[in-house]
Amino acid sequence: MLITCPYCGPRDVIEFTYQGDGNRQRPDPASQNFEAWNAYVYDRLNPAGEHNEIWQHSGGCRAHLRVVRNTLTHEISSVAFVRGDHGSAARRKAEDKA
Amino acid sequence: MMAEYSAFSLLANALKGNKDWKPAWRKPDPKASYDVVIIGGGGHGLATAYYLAKEHGITNVAVLEKGWLGSGNVGRNTTAVRSNYLLPANTRFYEHSMKLWENLSHELNYNVMFSQRGCLNLAHTPAQFDDYARRGNAMRHLGVDAELMTPAQIKRLIPALDVSGDARFPVVGGLMQRRAGTARHDAVAWGYARGADRRGVDIIENCEVTGFLRDGDSITGVTTSRGDIRAKKVAVAVAGSTGRVMQLAGIETMPIESHVLQAFVTESLKPFIDTVVTFGMGHFYMSQSDKGGLIYGGDIDGYNSYAQRGNLPIVDEVMSEMLALFPGLARVRMLRSWGGVCDMSMDGSPIITTGPLPGMYLNCGWCYGGFKATPASGWCFAWTIAKDQPHDLNAPFTLDRFHRGLMIDDKGQGANPRLH
Chain F
1 MLITCPYCGP RDVIEFTYQG DGNRQRPDPA SQNFEAWNAY VYDRLNPAGE HNEIWQHSGG
61 CRAHLRVVRN TLTHEISSVA FVRGDHGSAA RRKAEDKA
Chain Y
1001 MMAEYSAFSL LANALKGNKD WKPAWRKPDP KASYDVVIIG GGGHGLATAY YLAKEHGITN
1061 VAVLEKGWLG SGNVGRNTTA VRSNYLLPAN TRFYEHSMKL WENLSHELNY NVMFSQRGCL
1121 NLAHTPAQFD DYARRGNAMR HLGVDAELMT PAQIKRLIPA LDVSGDARFP VVGGLMQRRA
1181 GTARHDAVAW GYARGADRRG VDIIENCEVT GFLRDGDSIT GVTTSRGDIR AKKVAVAVAG
1241 STGRVMQLAG IETMPIESHV LQAFVTESLK PFIDTVVTFG MGHFYMSQSD KGGLIYGGDI
1301 DGYNSYAQRG NLPIVDEVMS EMLALFPGLA RVRMLRSWGG VCDMSMDGSP IITTGPLPGM
1361 YLNCGWCYGG FKATPASGWC FAWTIAKDQP HDLNAPFTLD RFHRGLMIDD KGQGANPRLH
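Sequence order for the protein chains is F and Y.
When the letters of the first sequence are read in order and numbered with my numbering, they come out as residues 1 to 98.
When the letters of the second sequence are read in order and numbered with my numbering, they come out as residues 1001 to 1420.
Treat the hints with caution; some may be incorrect.
What follows is a set of in silico ranges between Cβ atoms, one per label pair, in the way DEER data are often shown [stated by the list, open to error]:
1. F:N52 <-> Y:A1014: 57 to 65 Å
2. Y:P1023 <-> F:F34: 33 to 41 Å
3. F:F34 <-> Y:K1232: 32 to 40 Å
Derived by calculation from the structure, the hints in this document are not laboratory data.
Please read all numbers here as calculations on a predicted model, not as lab measurements.
We put the beta carbon where it would ideally sit given N, CA and C, even for glycine.
With the hints as extra help, turn the sequences into a complete structure.
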């Protein structure tokens, strides 16, 4: 399985750490909404098909990535930085290099 | 009932050219309705059907299997059977399973080749050895056998193991459960299938459940690729497909992630190791089959998957772990590898419960320990279905335990399925 890091390019999956389901919504840290915290910690959509997930390029640029991957075929349809601003910073860096 | 398989019947059939054997199970068409429909013809579903018929006299039962019988995890695991857990809920449950295993071939009149060759967990640091002593004590406290072994004793038991101080991860001791061992996994599926079939259970293969019949909230049956089937009770025992099947019932989220676990077998060797051994500095386990192949595996791949095949990093890791323990296996060829889809729960422990909808019963969350649980899982699930309440042994394995803060986290990993 290859993941195309937007910064580093296509790299083997061994360079990445799976951070899990990207659909989960972390409640506000001050929130005391028990149900929302319970859902965040324990409940998973676990789809058979396209799955929205978070990976970290821990053996590379260390960026956190939002990956859409098919759990039936392991095919990856999109990879983006989790944070938009990280994306623009990375682009600037890439332009500097060029 | 008279034993179908005996020395006499083997001989008699051999003399007649083996033409008169009855098929081990019929191939019936589904009826319009049953008392109980079990979704999933794996080990757990078949065991559930068997114990429903045998222990509770409920024989108007269908087991629906999407593919062929035993095509899922019951035929894909590495066959280890053990009850060496730390937490009482797990220890009691798996020990009940162990006791059922010990009599299973006799009970089913089907040789499941249960071999109590022992399971040895290797410790590689003094702290780990202390931790194993704690677990061993916890086991003995509940009447389960456990013994600590020294490196010298381990060397006598497994001569091929590198226990020298020069090993990559020196062995400082181990925790042995002598009553643990292996069983022939296909025979377990076939034996339970035959036992259930002979008591009147319909085993229906190539029958995929496509939806649920409902009356308000209640589940009243299933729609399948072979027509609608009504049932007073619908039991779900579909392991890695739990999320998919529950979504058909309108339950969007579960405390389950499906992950792929790979397993491997080498070419046949002469007798090399006569126990199950596990590596403590990573995650690796190995035994030798009666055909001579070394059967082994390690961690799950670590990302959601329904693919029944994994990727190369885990292959590389498992081989490295094997060679750290047994450098002498470096030139043995791997024959086959495969993957199975595991229903990883949020605390590493299973769920056997009534609900979550009226008329429905749920058995899932086996992570990658489901094979050894097969007899007790079926036994407890049958009890739960028949009596509409859990047996004491599976009462802790509820679906709402996460919500209520009653996790059973044997490894203490938290709600992180890829680490269980």
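How the hints compare with the structure:
no., hint, verdict
1, F:N52 <-> Y:A1014: 57 to 65 Å, "59 Å, holds"
2, Y:P1023 <-> F:F34: 33 to 41 Å, "54 Å, violated"
3, F:F34 <-> Y:K1232: 32 to 40 Å, "35 Å, holds"
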